[in-house]
Each structure stands twice: as structure tokens, then as C-alpha cells.
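Chains as they are written, first to last, in the numbering used here: chain B, 15 to 413; chain U, 15 to 413.
These aren't lab readings, by the way, just hints derived from the structure by calculation. Just so you know, not all the hints are guaranteed correct.
[Stated by the list, open to error] One side of the interface only, derived from the structure: several residues of chain B facing chain U at Cβ under 7 Å: (1) 15; (2) 25; (3) 81; (4) 84; (5) 243; (6) 247.
[Unchecked claim] Dumping the calculated BS3-like pairs for lysine-lysine here, alpha-carbon to alpha-carbon at most 27 Å: (7) B/237 - U/405; (8) B/237 - U/292; (9) B/292 - B/238; (10) U/237 - B/405; (11) B/238 - U/292; (12) B/292 - B/237; (13) U/405 - U/292; (14) B/405 - U/238; (15) B/349 - B/405; (16) U/405 - U/349; (17) U/405 - B/238; (18) U/292 - B/292; (19) U/292 - U/237; (20) U/292 - U/238; (21) B/292 - B/405; (22) B/292 - U/238; (23) B/292 - U/237.
Every residue gets a Cβ at the ideal spot worked out from N, C-alpha and C, and that includes glycine.
Number of protein chains: 2
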Amino acid sequence: MSLDQVSQSILYIIIILVFAKVFGELAERIGQPPVLGELVAGVILGASVLGWIRADRTAILAPESSVLVFLAELGVIILLFEVGLESDLEEFLRVGWSAMLVAVIGVAGPFALGYYSSILLGLSYTSAIFMGAALTATSVGITARTLGDLGQIRTSAAKIILGAAVIDDVIGLIILAVVGSLVAGNTVSFGEVGKVVLLAVAFLAGGIAIGIFLAPHMLGLAKKLRTRGMLTISAFLFCLTLSYLAHELGLAAIVGAFAAGLILARTEDLVHIQQRIKPIADIFVPIFFVMLGVSVNLSVLNPLNPEARSNLAFIGILVLVAVVMKVVAGLGVLKRGVSRLVVGVGMIPRGEVGLIFASIGLTRNIITPAEYAAIIAVVIITTFITPPLLKGVLSRENA
Amino acid sequence: MSLDQVSQSILYIIIILVFAKVFGELAERIGQPPVLGELVAGVILGASVLGWIRADRTAILAPESSVLVFLAELGVIILLFEVGLESDLEEFLRVGWSAMLVAVIGVAGPFALGYYSSILLGLSYTSAIFMGAALTATSVGITARTLGDLGQIRTSAAKIILGAAVIDDVIGLIILAVVGSLVAGNTVSFGEVGKVVLLAVAFLAGGIAIGIFLAPHMLGLAKKLRTRGMLTISAFLFCLTLSYLAHELGLAAIVGAFAAGLILARTEDLVHIQQRIKPIADIFVPIFFVMLGVSVNLSVLNPLNPEARSNLAFIGILVLVAVVMKVVAGLGVLKRGVSRLVVGVGMIPRGEVGLIFASIGLTRNIITPAEYAAIIAVVIITTFITPPLLKGVLSRENA
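My request is simple: use the sequences and hints to build the entire structure.
So this is what it looks like as C-alpha cells:
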């Protein structure tokens, strides 16, 4: 990477942050969460409108674009780390059964209904399994940010959503392993699947238990060191390390970042850590949401495009399944006084995991380009409707 | 860039920061500036020892390495921004003539002596000009960081060094333009050179004047906005924008970052900006110095390698010229009570600009690989000797 390319990357970052702030502010002024403005900013910068910035994750990118994709991922990792720092592990354990039930219903519902709708629409058995699987996993970044924007991140509903999203991610591992075996024509080895899941659960439970024991010692050591910035670097390294391990175990990196936040939230240095992480989050988190918008290709929804038009009915059905079945999942909330509707709406966004299924399916010729486009459309629509929907149901609840 | 590559980049960052802190702390414990430890950490991680991390700026890199190179540049930009924030423009103007004289002597001396030594050693006229030019420009990052490590960044000596380094960079533009024309076989167009220099000076003087006028309005506007992190983002964007413009005008990006810091240092929000930039600097600045170490290829200095051995005398002479003539430049200090030795030693490090001359010379067959290696060796040696030398002369002065 030459210095000219570095300079070009800097220009991209300037443009992204200026657009993020202008559109975030506009969203705020019309009564919407700023994150919606950032998403729109990304769509405008991306291929659908201006085409200034590219973000295709699978293609070989120019180094400048790789840098942007990386900074975006760093942004969502820091977002979930911050959310973890603001959370209390005990409160999570208290809503554990609600989160578990919401997660299970929220996976089983969209899977079953996605599968049957696809079969009814004439898809093959394997394609239908893929479509169902692609609709299962919640992408928690949007909801976490929206709840943060609205000052609702410390509520019980937020705890249930975040807890359910973590459990979702573990269930996603199972589905990925099972569907992966089916696609490869192998029988499903329950031993293998069990091993993957056991590792993930051991990482989460064990990692948090060990982390709670070790973190005060780590921070104590850091304070004995004489060079500057030790607390910031220790906290940041702790977050990156758990994110890395989570990814290597097949979980989402943000699950690790969230766990890191939960652990450090129990240390006496919490306030200082939050102060130091906040400016880093201020800069990198918007990059994630703008780049999420950049990755949107609106042509799959263009009714003037005949190919897209013939697909719109299918997309409509999938979106309906995706939205309704997650809202239904909100009924899994056992705790009194928590709005089932808020929790259900908070579970609506789909993202990464759906896209992973979509691209595996496409590259192995299990699903058609039209079916691939439909999954992309579900991700786009669920991402964009959640911030206003969540804002709407929250103000109705609080009214 | 796939999520696996993102995860790999995160692993690299974890390793870099852990090594930076461990070796920085070791350096501190043996009475050396932490930056020296970070440089050594980089050498150990790089091709010379472990080979875990690559940083070649000219080659086509894996996306993970591009990310590291970018984060390193972002680190040095933030470092100089921070230094600017801690500085006072009036004090700079007060030491302006000293800085000017130090810069001019510090460019003319190494150029003349580098040129004549090369001629005496049998190099051609053009090669000798290149060798001389490669020895001129000061790389201020090392010195700024070392002075910061030692708590000396607010001294008059520091002001003169920083001011001289900025002037150095403008003179570097002239040399690059002149040498570039000579190499291309053109006569030197003084009009062209004048235009380049005028633009750079106009950017620095005009940019700072306009910036001082506009910055309070910008920050005032930012405070009226309702979305979070506005002050952090405004300051960060201001720094990136001036860095980008400086680079596009042919100056170093860090000159722009430094100017941005100088401007914001005059606003009423200075303390808040410093608080917010510090954690970002804590994380990204060490990445720059570790990556500087990573880019070192010690084989050019290996006496067991016959090719390197035959070059050692030449390298020795060049290093001597490079060090002595910058120390001599310290005599340019007019202001009383400022140590000429500290200023001279602070001007020793060579970096980016020397490497640019070296690679232009090599790719156009003006200098041989051995001469190229000699320039690299000068950059390495001057980089590594400066932190301990500066610490040494400072403790002697203050004794």
C-alpha cells in the first residue's frame, strides 16, 4: 500500500464520516434514530447512487476498500464492546430463560415457515432448507445501535434481545454445520455438531468465568506499568482477543467483543474504560453503518428491472415471514413488564449469517441468482425498517 | 476482504500491541524511551527475525498487510496532530528564524557532504546527487515521540525541531522537483518549482490563518448538533482533511496533521479535544513505530553477508555525514538558552523522504542496489540511535 493509497483511504474516511454525520443529524431532526441516516448515507455513497465507494466483501478489492471493510468491522466490534460495558451480567442471567425462548422461537419460526413457503413456491428440498436457514439469525448491531440512540440500552427488553442474539449465534453454528453436511451429501454427524457447539458454549461460559477472575489482575498489572495508555490498550486488547477467539470458534466476532465488555463491566476501572473507548467508538461505529449501506445494491428491489420485478412477490413473502416470525418470537418473553413487541421487533434485522448462507448457496448452485437476490433483499429491508419500527413501538409503549 | 482476513488483521494488531507494550516497558525499565522498545519489537516481528508480519510498501500486499500499513500511517498522523495540539503557534513564530536556519543548514550540509563523499568514492554525478538528496530530510516522528516520552515536547528546543522539520519538508519539495527534472533529462523549470513551493507555503500559512478563523465556527456548529460524538469527529475530520490536503500538495501528511493540531490548540475546546484524541493515539501511535521496525531489513547490515560487508565502509561514511551534518545544523539555533546539541540530535532521524529518493533512484537505475541498501541503512541507523542519543544529551543538559 503506497502513501497515495493511504491518502485515498483517508479521503474515503473523510467522506464517510461527513455523510454519516450529515445524514445522521437529518434523521435525528425528522425524529428517526441517527443510525438510519448513516445507513441511507451509505446507500447514497454506494453503487446504487453515487458509486463513490465499493464494499463487496467477496471480490478482490483495491487496498483502500479493504481498509474500509476492516475499519467497519472494527467499528461493530467496538460497538458491541461498548454495549457489553454498559451491561450487567447478573441482569442477563435473570432474563436468561426469556432470551433462550425468544432465540429458539426466533430461529425455529422463520426456518420452518421459510422452508414451507419455499416448497409451496416450487423450490427444491435443498434450496428450501437454504432459504429457511438464511432467515434465522438475528444481526444485533442495528438493534443495539438503535436502542443506544434512543437511550434504551439498559432496559430489560434490550437485555433479552442481546442475550437472544448471542444464543441465536450459537444455534446458527448448529444450523450451519447441519446444512453444510447435508449440502456436501454427508450424513449429519451429531458428534461433530455437538463438538462445535460445546466449544462455543464453553468459550462463552468459561471465557466469561475465567475473564471475570483474570480481568482485575490484568488491569492491576497494567496499572503497574510505566508507559502511557496502558488502561486503554489493555481494554482494547482484551476486546480484540475475545473477538478473535469467537471468530476462530465459528461465532461472530461481535459475540466475543460483547463478552469482553460484560467482563470488564465488573471491574473497578469501568468508568475509565468507558471514557477511553467512547471516542474510538464515536469514530469507528459510524463507519460500520455507512459501509453496511454501501454494501446495499438496490437493483434487486428495482421494479423497473424485469428480472427484479418477477422476483418481488417472492421477496415480499420472505420479508413477511422474516418479520412476522421474529415478532412472534417476542412472545417467548417470560419476564413481566417487558414489552414482547419491542423484543420481537428488536430481533427483526438479518445480516451477516443470512448473507453467508446466500453466498454458499449461490456458489454451490443450490439456489438461483433470483433466490440469492431475494435473501439480499430480506437483509436490506429488515435492516432499514428496524430503526423506525423500534422507535415507533417504543414511543407507543412509553406513551 | 473476507471476515477471515479481518480476523487475521485483528490477530496482527493484537500481536503488534502486545509486543509494543512489552518492549516499550522493557526499554523504559532500562532507562530508554519506550519508542525504542517499540522499534525493536517491530524488528523482531519483521522479516529480520520472526517474519510474522510484512510491511513492504511498494509490493502488492495481502489485504491484512495493507490494513496494518494504513493503521500505522493513521498512527503517525494522530501523533503529529497530538503534538500540534500541545503546541503554541506564537512560540513557533518566536523561534521561526532559528528553525529556518536549522532547516537550511540541515539540508545543505548533508546534501553537499553526501554529494562530495559519493563523488570521492567514485559514484557518477547523477548518483551522487541522489545520495546527497536522500540524506537531507528529517523524519520528525521519532523525535516528536521521544520528546513526548521524555516529557520535553513543550520546550523551545522541541519547537525549533518541529518547526525546522516542517520547513525541511517544504525544502524537500524543491529538491524532489529539481532532482526529478535533472533525472528526466529536462532543464529545471524554476517556474514549476516555484509554483510547487508557493502552493505548499500558501497551504501552510493560509491554511493556518483561515483555520484559526474557521475552527471556532466549526466547533460551534458541531456543538449545536444533537447526535453523539460530534466534538471527537469534528476534530478527527479536521486533522484528516488537512493531512489529506498536505499529501495532495506534495507535503507529508503529518505536516497537515501538525497544522490541524496547531489550529485547534487555539480553540476553547482544546482540553476536551485532547482528552478524546489521547485514547485514539494510545492505540494507533505504537502501531506506527512497530511497523517502522517491521520494515527494517537488517540483512543490509549483516557483516557475515559478503555483499553487505563490502558496503559497510560506504554505509559508515554516509551515516557519519548524516549524523554529523544534522548535529552541525543545531548551530543554527539563534535563541539563547536552547541547547544546540539537543536540536541537532533531534534532527538526525531520516525516513520516508530518503526512502522515496532511494526507490526512485533504484527503479530508474540511477543508483545501484548497493547504494540503495546504503540509504536504507542510514534510515535504520539514524532511526535507532536517536531515542537513546536524545535521552543522553537531554540528561546531560539537565544535569
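Exercise for the section: Against chain U, run the beta carbon of residue 81 of chain B and see if the smallest gap drops under 7 Å. Expected result: 5 Å, holds
Practice task
Mind checking the alpha carbons of residue 292 of chain B and residue 237 of chain B for me, to see if they're no more than 27 Å apart?
Solution key: 20 Å, holds
Problem - Interface hint compliance - residue 25 of chain B to chain U, C-beta minimum distance less than 7 Å - result: 6 Å, holds
Problem - Restraint check for residue 237 of chain B with residue 405 of chain U, where alpha carbons must lie at most 27 Å apart - result: Holds. Residue 237 of chain B to residue 405 of chain U sits at ~24 Å (cutoff 27 Å).
Handout entry: Pair hint residue 349 of chain B and residue 405 of chain B, alpha-carbon separation not exceeding 27 Å
Key = 22 Å, holds
Problem - Pair hint outcome, residue 292 of chain U versus residue 292 of chain B [Cα-Cα no greater than 27 Å] - result: Holds: residue 292 of chain U and residue 292 of chain B sit about 11 Å apart, inside 27 Å.
Exercise for the section: Would you mind confirming whether the straight-line C-alpha gap from residue 237 of chain B to residue 292 of chain U stays at or under 27 Å? Expected result: 17 Å, holds
Practice task
Given the hint that residue 405 of chain B pairs with residue 238 of chain U, test it: the Cα-Cα distance must not exceed 27 Å.
Solution key: 23 Å, holds
Exercise for the section: Answer holds if the nearest beta-carbon of chain U is closer than 7 Å to that of residue 15 of chain B; otherwise answer violated. Expected result: At 4 Å from the nearest chain U Cβ, residue 15 of chain B passes the 7 Å test, so the hint holds.
Exercise for the section: Could you grab the alpha-carbon distance between residue 405 of chain U and residue 292 of chain U and see if it respects the 27 Å cut-off? Expected result: Measuring from Cα to Cα gives roughly 23 Å; hence the hint holds.
Practice task
Answer holds if the nearest beta-carbon of chain U is closer than 7 Å to that of residue 243 of chain B; otherwise answer violated.
Solution key: Status holds, d = 3 Å.
Exercise for the section: Decide if the proposed pair is consistent with the structure: residue 292 of chain B and residue 237 of chain U, CA atoms, cutoff 27 Å inclusive. Expected result: 17 Å, holds
Of the numbered hints given earlier, the model fails none.
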